[in-house]
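Could you put together the complete structure from these sequences and hints?
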Amino acid sequence: MGETRRDFLTGLGAAAVAGCGLPLFDPTRWLQASVAPGTAAAATQWAMVIDLELCRRDDVRRACMDACRREHNVPAIPDPDERIDWIWAEERQHVFPDLVHEHTAVEVREAPVLVLCNHCTKPPCVKVCPTGATWKRERDGIVMMDMHRCIGCRYCMAACPYGARSFNWRDPRPHVARDAEGKPVSDYPTRTAGVVEKCTFCAERIRAGREPACVEAVRAVPGAAGALTFGDVTDPGSPVSQLLRHEQTVARLVDLGTGPNVYYLVSRSPVAAAEGEGA
Amino acid sequence: MRDRTGIVLGLGAFLALAAFPVWHALGSDAERARPELERAVEGPACVEDTLFMTAHHQEVLNAWRTAVVRTGERTYVSTSGVEHEMSLTGTCMRCHADSQGFCERCHDYAGVTTRCWNCHVAPEGS
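These protein sequences, in sequence, are chains W and L.
Take 1 as the starting number for the first sequence in my numbering and just add one per residue.
Take 280 as the starting number for the second sequence in my numbering and just add one per residue.
Just so you know, these hints were derived from the structure itself, not from any lab.
Any given hint could be a false lead.
[Claimed, not checked] Cβ-Cβ distance ranges computed for the label pairs, FRET-style:
(1) L:E321 / W:A208: 17 to 25 Å
(2) L:A319 / W:A177: 26 to 34 Å
(3) L:G351 / W:R5: 17 to 25 Å
(4) W:W169 / L:L288: 55 to 63 Å
(5) W:R83 / L:V320: 35 to 43 Å
By construction, the Cβ of each residue, glycine as well, lies at the ideal position given by its N, Cα and C atoms.
Quick look at the structure:
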């Protein structure tokens with residue numbers, strides 16, 4: 001072997017330089033670029049658009065909130081300090097502090113807005129959970145809860161900037177709606193004292209190919225078509241994506257970078273509104 | 280050696296006390312006190328054989344729970360190759376419809392507290 005120390009070091013240096021350039025030739029880069037967004041490469045991200053005007057109507061909000069409570073055996077606890085809500089109403093000035101100012105009319109400022117878990121793209125609640133009881137589902141973007149693992153530390157409640165999580169201070173069962181036989185109205189598991197709960201976008205219904213309960217319920221309300229729109233935001237053809245592309249929409253506290261997936265329709269363009277009426 | 284009697288008596292008393300769980304169980308017809316459980320109401324067979332389920336049902340349920348809640352898998356293939364939906368209330372309790380007469384009666388006997396029904400809606404018996 002005639003290899004000198006010099007040859008060896010030169011070869012080593014050349015290999016190192018070539019190695020640094022390797023990422024440029026990563027074949028998957030081109031693969032990713034050639035696949036259009038919204039097709040095979042992108043997983044589903046469920047999202048919802050809530051019509052701000054329509055959700056000012058009592059019957060619309062009531063339909064959503066009642067359907068959710070029945071579907072998931074969410075207890076109706078009278079004490080406001082111990083309330084448990086998956087979807088509920090807040091005043092616009094608290095939901096969108098940046099959309100009101102000192103001259104905003106009181107009716108607008110205090111207009112009720114439906115709020116729920118935003119199923120964030122970067123959920124802070126998931127980051128702080130010490131047991132992995134809440135996590136972001138990669139296949140469909142739902143921020144899920146595993147009640148078996150929740151130890152009730154409530155870090156997630158502190159981390160969530162939307163206040164979307166509720167804690168069970170006591171056994172919720174006495175406050176769960178019952179049917180004529182005294183059983184909970186739904187066979188969905190109730191929760192127990194000491195765990196945190198929130199909206200799951202009706203993961204159990206989505207699995208069965210159905211819409212979330214609130215979206216289905218609001219369809220039955222006369223004149224409330226389009227109050228809630230649900231769909232895959234990574235699919236450009238979904239009703240949600242259409243609304244986001246063509247209408248004026250907002251989301252809560254976007255500047256925090258959590259990437260909320262619940263959007264609010266501020267106004268429909270006249271053309272789209274006419275089309276909506278025709279449909 | 281004048282303490283011998285006392286020592287032997289004391290030692291005997293100690294051993295008798297320490298062995299209390301053993302002779303108490305022997306003398307109390309524990310075998311015959313074994314609870315009579317409610318039979319499964321329908322279905323050809325359990326997901327696994329009875330002996331295995333008696334000993335390992337808790338492990339099966341834990342594995343099912345993790346699979347369903349965390350990974351979203353819902354189909355269990357038994358050792359005999361039969362497919363079942365992994366569901367406590369949908370699969371187990373469809374046959375063992377009486378949670379009080381089946382689950383609780385045996386767990387009371389064994390001194391084990393179950394927490395399943397704190398959340399899951401239990402069938403009320405048939």
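Index of numbered hints that the structure contradicts, given in increasing order
Hint check: 3 fails alone, others pass.
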